[in-house]
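Line by line, the protein sequences give chains Z and L.
For the first sequence, the tail end lands on 314 under this note's numbering, and the numbers increase by one without skipping.
For the second sequence, the tail end lands on 314 under this note's numbering, and the numbers increase by one without skipping.
It should be emphasised that the hints constitute simulated quantities derived from the structure, not laboratory data.
Treat the hints with care, since some could be wrong.
Which copy? The list can't say, so a pair holds if one copy fits it or any two copies do.
[What the hints assert, rightly or not] Below, computed lysine to any residue pairings styled on SDA-like, alpha-carbon distance capped at 20 Å:
id: 1; residue 1: K126; residue 2: R182
id: 2; residue 1: K126; residue 2: V181
id: 3; residue 1: K126; residue 2: M111
id: 4; residue 1: K126; residue 2: R311
id: 5; residue 1: K67; residue 2: H300
id: 6; residue 1: K126; residue 2: P65
id: 7; residue 1: K126; residue 2: R198
id: 8; residue 1: K126; residue 2: P109
id: 9; residue 1: K67; residue 2: G219
id: 10; residue 1: K126; residue 2: L223
id: 11; residue 1: K67; residue 2: A220
id: 12; residue 1: K67; residue 2: D22
id: 13; residue 1: K67; residue 2: E37
id: 14; residue 1: K126; residue 2: H300
id: 15; residue 1: K126; residue 2: E276
Number of protein chains: 2
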Amino acid sequence: MSCTADFSGSPYADEVRGQVEAALEGYTELGDGCPDDLRAAMRYSLLAPGKRLRPMLAILAAEACGGSRVEAMPAACAVEMVHAYSLIHDDLPAMDDDDLRRGLPTCHRKFGEALAILAGDALLALAMEVLADGVWPAEAAAACCRVLARAAGPCELVGGQADDVRNGGGAAGVEMLESIHRRKTGAMIGASLRLGAITARAGAAELDALDGYGRSLGLLFQITDDLLDVCGRQEQTGKRVGKDGDLKKLTYPGLLGTEESLRRAEQLCAEACRKLAPLGSRAHGLEAVALSVLRRNR
Amino acid sequence: MSCTADFSGSPYADEVRGQVEAALEGYTELGDGCPDDLRAAMRYSLLAPGKRLRPMLAILAAEACGGSRVEAMPAACAVEMVHAYSLIHDDLPAMDDDDLRRGLPTCHRKFGEALAILAGDALLALAMEVLADGVWPAEAAAACCRVLARAAGPCELVGGQADDVRNGGGAAGVEMLESIHRRKTGAMIGASLRLGAITARAGAAELDALDGYGRSLGLLFQITDDLLDVCGRQEQTGKRVGKDGDLKKLTYPGLLGTEESLRRAEQLCAEACRKLAPLGSRAHGLEAVALSVLRRNR
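Bound-form chain Z, shown alone (with noise of 0.2 Å):
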């Protein structure tokens, strides 16, 4: 398998986020009742360019336990509209306070608070409506969506979330900062490599290696996230660098320094590799996602 190569770049992914993206357009046209400036404004956030790094997670991971991409689709398109919701309401005033994402300015800056936070919602609520339609049978509909409102809730997500408005002054320890990234990235990466599975009648040992694999993605997309902050340039993360520093907000370099927060990344890319193990080469593909994170900053 050619593990050098750019993941995010290759043929596969960019096959897969024209599919994701399509899905997302064909999702958010809605129907009757929703006002014209809370899709435009939905459709802003949800559409705007990106990797779509948990949608290839969850059809990565169907394919890697023998499912399909067409029966992943609504759970990739789930777990996106929940990233980008959160994104949304991580950007408002009250929270962060950012007036740019992804290059762009942020759903709140282009359509105002109000529409912001509803756009938010709604894209929330759109997830988990896609999830109860759009998978099948019955059981694997009510397993994602159990999953998923998991992974978004006051335990995850929200709870990270939280914490990390919180912890803004950056007066917690590194146990907090692992907290924080566990429920606000960590969760949502798990969420979408287990929805892919179970939407692929995945078995308890493909679930198990994935949520391992998850778990070490999570971290290692965190930290490499902090250290672009620090070193990378504002063309290639779409937000002002140093940021985070400036606020004194918990980040990896902050507390273990630049090297140390590399070799960790390093460590932690390793790990993920190997709790694939038990998938054999189908697997290849969410490898290779795990080098291209660890890459991404280099």
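With the hints as your guide, set chain L onto chain Z.
Below, chain L alone, put in the same frame as chain Z:
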């Protein structure tokens, strides 16, 4: 049937309310990962004194279709969680900017804006988890998730709120007013009934009857809510009287006058009760609710 009794204060309603509140307490104990202040903000709004109309409708609908209260309880709690979430977000400074709710400081006045936004988000996700996890069998769980997510989504609840915020200046007419209320209030009332019915494995004729009842009840509820704002006292509503009028919000008395609004409410109540005919005597509780809503501002 004693249609003159005040349903909301009846021994039946008191008993059901107690059971619903105990279940809501249990669902919001939450485990590791949920920060204390987030849990406190969620419980503050969710467990504030209230009539629990929507859970009551879910349970009455289940019982009207031959189902059990225990089986309907997760659905009853889920609709109350979505209701509480929508109130928290509606009250935010960027939306209606309310300081009081049910006689108490609104969630953001008590816990700050960031936690209020997150408490709302968390309640929406928790509602979906409670349904996916607590309704049985899986077909019913998936159907409940689909119905609730749709009612809480961009074409219903959130869409109605977006139009409401935009039309805060009162420029729109009675059609927009009804469309807003159908989506903001009616959709969740309809979903409460339908969820209860699904947990009772209701047939198509039963679902149709409940849908018709729910449409009339939803409008009735909104008209009496508007009338309460004009005629009620602050102690009764827990919010400042005349506030909607101050802000030139669209209201029925504002558009139709008080007399015509009252006449319309009476028609809707009669209509709601007529729609229940196919359900027979098991639907008397739902009739009593309609009468109780009609009489709440006398």
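Reference check for the pair K67 and A220, CA-CA at most 20 Å: within, between, both, or neither? Classified as neither: same-chain Cα gap 29 Å, cross-chain 44 Å, threshold 20 Å.
Status of H300 relative to K67 across identical chains (alpha carbons, at most 20 Å): within (18 Å within a copy, 55 Å between copies)
Alpha-carbon proximity between K126 and H300, which holds within one copy, between copies, both or neither at 20 Å: neither (40 Å within a copy, 50 Å between copies)
Alpha-carbon proximity between K126 and R182, which holds within one copy, between copies, both or neither at 20 Å: between (26 Å within a copy, 15 Å between copies)
Can you give me the call for K126 and V181, within, between, both or neither, at a CA distance of at most 20 Å? between (23 Å within a copy, 17 Å between copies)
Alpha-carbon proximity between K126 and R311, which holds within one copy, between copies, both or neither at 20 Å: This pair counts as neither: shortest intra-copy Cα distance 32 Å, inter-copy 45 Å.
Should K126 paired with R198 be assigned to within, between, both, or neither, using CA atoms and 20 Å as the limit? neither (30 Å within a copy, 28 Å between copies)
First find the shortest C-alpha distance between K126 and E276 inside one copy, then the shortest across copies, and answer within, between, both or neither for a cut-off of 20 Å. neither (39 Å within a copy, 41 Å between copies)
Intra- versus inter-copy proximity for D22 and K67 (alpha-carbon distance at most 20 Å): within (12 Å within a copy, 57 Å between copies)
First find the shortest C-alpha distance between K126 and P109 inside one copy, then the shortest across copies, and answer within, between, both or neither for a cut-off of 20 Å. This pair counts as both: shortest intra-copy Cα distance 13 Å, inter-copy 18 Å.
At most 20 Å between alpha carbons: which applies to K126 and L223, within, between, both or neither? So K126 and L223 fail the 20 Å test inside a copy (40 Å) and across (42 Å) alike.
Copy assignment of K67 with E37, given that the CA separation must stay at most 20 Å: within (11 Å within a copy, 44 Å between copies)
Hint violations for this structure: numbers 4, 7, 9, 10, 11, 14 and 15, all remaining hints satisfied.
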